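Produce the entire structure from the sequences given, and follow the hints as far as they go.
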Amino acid sequence: MSELSGRDVISIVDFSRSELDLIMEEAEKLKGKRTDDLKGKIMATAFFEPSTRTRLSFQTAMLRLGGSVIGFSSEEGTSIEKGESFSDTIRMLDNYSDIIVVRHRLEGAAKLAAELADAPVINAGDGSKNHPTQTMLDLFTIKETFGHIDGLNVGVLGDLRFGRAASSFILGVSKYNVKLFLISPPELKARRDVIAYLKDNNIKFSEVERLEDVISELDVIYVTRVQKERFADPAEYEKVRGSYRITARMLASARKEAIVMHPLPRVDEIDISVDSTPHAAYFRQAANGVPVRMALLKLILGG
Amino acid sequence: MSELSGRDVISIVDFSRSELDLIMEEAEKLKGKRTDDLKGKIMATAFFEPSTRTRLSFQTAMLRLGGSVIGFSSEEGTSIEKGESFSDTIRMLDNYSDIIVVRHRLEGAAKLAAELADAPVINAGDGSKNHPTQTMLDLFTIKETFGHIDGLNVGVLGDLRFGRAASSFILGVSKYNVKLFLISPPELKARRDVIAYLKDNNIKFSEVERLEDVISELDVIYVTRVQKERFADPAEYEKVRGSYRITARMLASARKEAIVMHPLPRVDEIDISVDSTPHAAYFRQAANGVPVRMALLKLILGG
Amino acid sequence: MSELSGRDVISIVDFSRSELDLIMEEAEKLKGKRTDDLKGKIMATAFFEPSTRTRLSFQTAMLRLGGSVIGFSSEEGTSIEKGESFSDTIRMLDNYSDIIVVRHRLEGAAKLAAELADAPVINAGDGSKNHPTQTMLDLFTIKETFGHIDGLNVGVLGDLRFGRAASSFILGVSKYNVKLFLISPPELKARRDVIAYLKDNNIKFSEVERLEDVISELDVIYVTRVQKERFADPAEYEKVRGSYRITARMLASARKEAIVMHPLPRVDEIDISVDSTPHAAYFRQAANGVPVRMALLKLILGG
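Protein chains in written order, with our numbering: chain A, 471 to 773; chain B, 471 to 773; chain C, 471 to 773.
Quick caveat, the hints were computed from the structure, so don't treat them as lab data.
Predicted model, so just to flag it, every value in this text is computed and none were measured.
For lysine-lysine, the following BS3-like pairs were computed, each having C-alpha atoms within a straight-line distance of at most 27 Å: (1) Lys-511/B / Lys-509/C; (2) Lys-698/C / Lys-552/B; (3) Lys-509/C / Lys-509/A; (4) Lys-499/C / Lys-509/B; (5) Lys-511/B / Lys-503/C; (6) Lys-509/A / Lys-503/C; (7) Lys-509/B / Lys-503/A; (8) Lys-511/B / Lys-511/A; (9) Lys-503/C / Lys-509/B; (10) Lys-501/C / Lys-509/B; (11) Lys-503/B / Lys-509/C; (12) Lys-669/A / Lys-659/A; (13) Lys-509/A / Lys-511/B; (14) Lys-698/A / Lys-552/C; (15) Lys-511/C / Lys-501/A; (16) Lys-511/A / Lys-499/B; (17) Lys-499/C / Lys-511/B; (18) Lys-509/B / Lys-509/A; (19) Lys-511/B / Lys-501/C; (20) Lys-509/C / Lys-499/A; (21) Lys-511/C / Lys-499/A; (22) Lys-509/A / Lys-499/B; (23) Lys-511/A / Lys-509/C; (24) Lys-509/A / Lys-501/B.
Put into structure tokens, the structure is as follows:
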């Protein structure tokens with residue numbers, strides 16, 4: 471019986487370093503494996519907001535453990551459209567499944583689901599701050615690359631205000647002894663509560679506007695998208711967009727071992743010229759979604 | 471080999487009491503179980519009209535018996551949109567699956583499918599009268615609560631004219647020696663053919679307009695939604711809506727053991743204040759969809 | 471280890487007669503069977519263009535071999551809508567699955583996917599020329615009917631210009647010693663590159679406009695739909711439509727053993743009066759999608 475048995479996964483901040491280590495060790499063991507550990511178990515995917523990558527990697531993880539999957543991939547065609555409440559929908563899935571994976575645009579949806587359901591609930595992204603399994607695979611990718619996370623210089627770039635993968639990553643990587651560089655336009659600086667968390671936990675961090683100014687110091691460059699719609703004045707967007715679009719040329723000033731990460735999907739914030747450089751870690755990172763989610767499902771549901 | 475082997479399930483009226491008993495006994499045995507009884511079997515869900523709850527509970531039932539599932543959850547993106555006929559679509563699924571579960575807005579769709587397909591067909595709701603598996607789980611829930619169905623006073627409330635769960639339930643519960651109270655606004659009284667069926671079968675029933683007048687006599691209060699759109703005059707709707715919305719306060723006059731049932735999803739016809747009363751049976755009822763559908767699938771396809 | 475192990479399936483022209491024979495022999499063996507040959511394997515369906523029949527028959531094939539399935543059935547709700555590139559989507563599926571089945575409206579999509587993915591890729595229809603697995607099941611149906619393909623007179627009717635099933639069938643059946651009759655309105659004659667392929671391979675063929683003129687010579691009548699939208703002048707369409715709509719009456723002049731085929735779905739190009747004649751082979755043909763796709767999956771992924 472794992473210490474994570476029956477555990478809800480709501481926010482990355484709820485996990486201790488030793489719990490994260492346990493998940494990462496299990497993920498390493500499960501990488502590329504097929505097992506029957508969860509034969510007979512059913513996972514429900516309750517994706518009130520669509521996300522192909524996250525949903526399919528959870529589904530793959532469950533299938534590779536011998537389990538099966540039910541659920542929906544968007545609100546369309548579900549009882550939500552007939553006016554059913556979120557609570558009643560979660561109660562329904564609780565009747566049908568052994569674990570519920572929730573994605574929702576509103577902050578707190580996964581927590582509410584966990585309060586309603588007897589089955590464990592995993593947050594597959596809600597609101598603009600929490601996406602704990604994304605952060606777990608991010609950390610796993612960093613550890614896999616460098617052998618450790620402590621001591622690294624980590625830059626997080628782009629929309630640090632509304633991007634849930636970015637906020638969740640900042641909170642998660644702060645469990646380790648890293649130096650953080652929060653790189654964003656002024657409009658999209660990290661949320662106050664995220665900054666407060668960093669201060670409360672004595673994390674070294676600096677907020678900067680231009681990647682160029684710090685790129686040579688970074689081991690990890692975590693990129694997220696800057697969306698035009700976020701700017702009150704479109705001219706402001708045009709002014710900054712170039713700095714937040716990574717190209718192979720920009721990486722000339724990067725450290726030799728530096729890796730570029732991205733939660734994907736990307737649109738144009740990482741130029742495809744980067745794909746063929748040794749810095750590109752984002753496809754490997756996405757692939758790690760499967761073993762990390764396998765580890766989590768097995769530790770929560772497994773005998 | 472069960473006596474239900476290979477059987478189509480089109481209307482609740484086609485089932486004898488002893489067949490319903492068999493299904494309910496099997497459901498009781500299967501509750502909470504995982505088996506390999508239907509390993510290698512494929513169920514097709516042909517949901518021409520969406521219904522998350524019914525579809526996912528059929529899917530869960532099939533998975534818990536070790537089988538697998540293909541199909542579609544709405545007409546969108548199917549060949550129906552390219553102009554393919556209902557018949558050709560059913561013939562296709564007949565080629566691919568061992569049993570076909572059909573949901574359709576039009577009465578008679580499941581029967582037509584059963585005539586076309588070699589595989590057994592289960593009606594998961596068509597037209598405004600038939601939803602046999604819903605009724606089976608309704609009856610199972612009543613029997614589970616009271617130990618028997620005979621002798622109970624059963625009220626059915628709401629839209630008895632267009633609501634298929636309500637009509638199907640009235641027909642099904644009439645197989646038992648119950649006293650029926652059909653409670654609805656005049657516009658939404660039970661269909662003539664349903665009333666004729668009750669008379670032909672010497673079922674005791676009375677038609678009333680207000681729940682308040684009979685609530686103290688009822689063992690079962692089966693609630694369905696009254697939709698504004700059903701009224702020619704919106705003022706008529708406003709006049710009656712209060713009487714068809716159950717609250718904890720209304721239940722003060724109910725019998726101590728009385729249960730409130732609902733096919734779900736509900737919108738606002740049962741106030742959430744009812745959820746925490748001992749009368750609330752609807753979540754338990756919905757959960758029973760899984761063992762009852764498991765029983766049916768196993769008896770039709772097994773052995 | 472089969473000689474098709476790990477093979478991409480992009481166009482029917484890439485397959486030799488002996489490879490097609492191998493697939494058809496395997497399909498015959500697998501017809502009606504359930505195996506565990508692909509237990510633990512995951513197939514991804516990447517249907518950028520919807521197709522219920524092709525998708526569900528691939529899914530059924532995989533399930534009957536003991537494998538499982540992930541994927542999407544249309545672009546709706548996927549990351550494509552968020553602006554993700556085709557390449558990144560394919561790379562994602564490559565991380566999650568053992569084989570990728572691609573459907574796309576654009577020619578070359580499957581080939582591009584095969585270049586990007588480590589996993590084998592099967593073209594489930596792209597552009598207006600390639601639909602290799604459809605052609606394989608077409609050939610299998612002919613062989614099953616006549617015991618051989620060589621020596622037959624084969625008519626292909628309808629939209630030979632834009633219809634991908636028709637073009638792919640013409641290319642595939644030309645691997646055999648058949649006499650081809652290409653029957654279409656002038657606007658919808660076979661594509662130049664298809665005609666060039668026939669000439670390069672010394673295939674006997676003739677292009678005609680009216681089925682009536684050649685129907686008595688045909689063993690196989692392969693029907694596809696003529697769409698009104700394809701005609702610049704609607705009056706032209708009205709003039710020809712009758713000749714491209716098969717009825718039982720028209721088949722009075724056909725050979726006794728002649729079979730009518732169609733890739734389905736049909737709209738009105740084969741009257742339902744044909745369904746009950748011994749000529750109707752299209753439902754049997756559609757059913758053959760399962761064993762042929764089982765054979766292919768097993769030969770590519772199996773042991």
